[in-house]
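> Chain A is already provided as a structure; the job is to place chain B on it using the hints.
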Amino acid sequence: MADDIDSNPPDIQQQADDRFVHALLLHMHDERALQYREQRVERAMLALREPGIATPRGDNGSAARPAGRSLQIPAWARRTAWAAAAMVLVAACIFAMTYSPAPALASLSDILGALNRPGDRAYRITVQPPDPPSQGKVGLDRATLDLRDGSQYLLIRLDPKGGFQFDGYDGRQSWRISGGQVAETKEGLGAGGLGLTETMPDTLFSDLEPTLKQIGTDYTIERFDLAPLPAGGPPLRHVLASRKSRDVKGPVVIEIWADTKTGMPRRIVFDQAKFQGSTLPRRLTFDLVSEDVMPADWFTPAPHTAGKIGASPRPAR
Amino acid sequence: MDDEDAGSLTGQSSRPIEPLALFEVLVRENADSLTAFLRAGVEDQAAVDDLFQETMLIAWRKIGEYDRVRPFGAWLRGIARNLILAHYRKSAREIPFSSDQVLDYIDGRMAQIGRKSGDTFDEKITALRDCIERLEPMYREPIELHYGQQKTTEWIAQQSATTRDAIQKRLQRARLQLAQCLQRKAVLARTG
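Protein chains in written order, with the numbering used here: chain A, 1 to 317; chain B, 318 to 509.
Chain A with its partners taken away, still in its complex shape:
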């Protein structure tokens, strides 16, 4: 409801009462208030329980941390894979293409290099607010995205009907497993439509090259500095870019935190992104949760079909 309060009463008390009652009305009419409250609390407590993230200070220790947007963890990527992998790189490339000062470009080049470096990475995806379960769609909230080198990916999503849906690409063929069965395989990318085009904002992530060109002209770097994750921790390379106008399709704000030494993105946030079929802006957060080596065949269908030992969402970490 961005069009709620476009003008203010002249009197300060009236302004306050206007905004105060507005907030009460929003709460009173929010049928999912309880659900959202629980999500907010759980999300906050989850962050607080992360080791080393937030430690209470006994007395007057200042908790000074720049106030700002999002709060959660990091992100990742893969270049050649169509949607899922594209998402990761898109965010990083945005900054390389839009920020002109040389130090920033050099640093962002490191980030891109890190994303393409051989190795395995796993990212957890959070969508806020998530799709209501009643819609029965396979969404992205609580999904994980596993990436290998610059050429393989595995997206694991919760299936509202039970179990998981797997979308993968092993560098040769893409595939989908749904209901424990291989639903589709395809040489190259695109098996199952990958589903991401159903849920990702408009066309931003579905076609890498035009997207990058578009972002290069349509986003502005607002911050490039060292900053910890909102939950705390050591300083990270931090980039915040905002959409230049409402005419641009894609999230309003994109924010990246990356390791200062390796350049590996720890978190990427797509903020105020609109999904296809929904007018409600969402925030997608990609958090780096692991760089452990995954099994050799992890990006093929075999470990994920029903009855196979590896059918669980991921190896124990």
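Heads up, none of these hints are tricks.
The list that follows gives simulated cross-link-like pairs (lysine to any residue, SDA-like), each with its CA atoms no further than 25 Å apart: (1) K502/B x T443/B; (2) K502/B x P9/A; (3) K502/B x Q13/A; (4) K274/A x G465/B; (5) K407/B x D247/A; (6) K407/B x R43/A; (7) K274/A x W472/B; (8) K244/A x A409/B; (9) K433/B x M28/A; (10) K186/A x T305/A; (11) K468/B x D247/A; (12) K274/A x Q467/B.
Chain A regions said to be covered by chain B (calculated; three or more residues, Cβ under 8 Å): (13) 17-25; (14) 33-47; (15) 226-239.
Derived CB-CB ranges, DEER-like: (16) V293/A x R446/B: 52 to 60 Å; (17) I412/B x R32/A: 26 to 34 Å; (18) S290/A x P336/B: 23 to 31 Å; (19) P454/B x H29/A: 12 to 20 Å; (20) D11/A x Q476/B: 26 to 34 Å.
Quick caveat, the hints were computed from the structure, so don't treat them as lab data.
Bear in mind the structure is a predicted one, so any value in this text is a computation, not a measurement.
Don't be surprised by glycine CBs; every beta carbon is placed ideally from N, CA and C.
For chain B alone, coordinates are given in the frame of chain A:
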């Protein structure tokens, strides 16, 4: 427990309570009022979620500074207030109200709500429903359409054969009438 209840961070039972678990209880009890406070200060829902979590993180870090004599909800709002102002500074967006005092005043309103009887935030603001019912139709209908059915002011204006600006003004007058109604019902303190 009252929303503004300070609670105890040490626990009174013989079995020690994990501080973080107790913190979670206090957070949960004050989550609705904190969210309402953030919504009053920030219109972007994503920013509300962010600021909520940041408030929690800072509160936990600074829990040693918390004065147990003060209501916990008020303490959280104090943190949230600073984060709201920092949010606007950081994003270079224009603060949508004329003075920081507006937030202080809203904080006072939230404290008044917190002192009302009721176990939950919803129970404390039940009087608002009656106030809505008492609005004249020309004010009640846009409120019900906009907040109850999530219709945009543009949509309401088209249906009413009027302008969006007129609907926004009508909504604003309706909200101020609701505030006055809550004052008459002694839910809120009267203003000069």
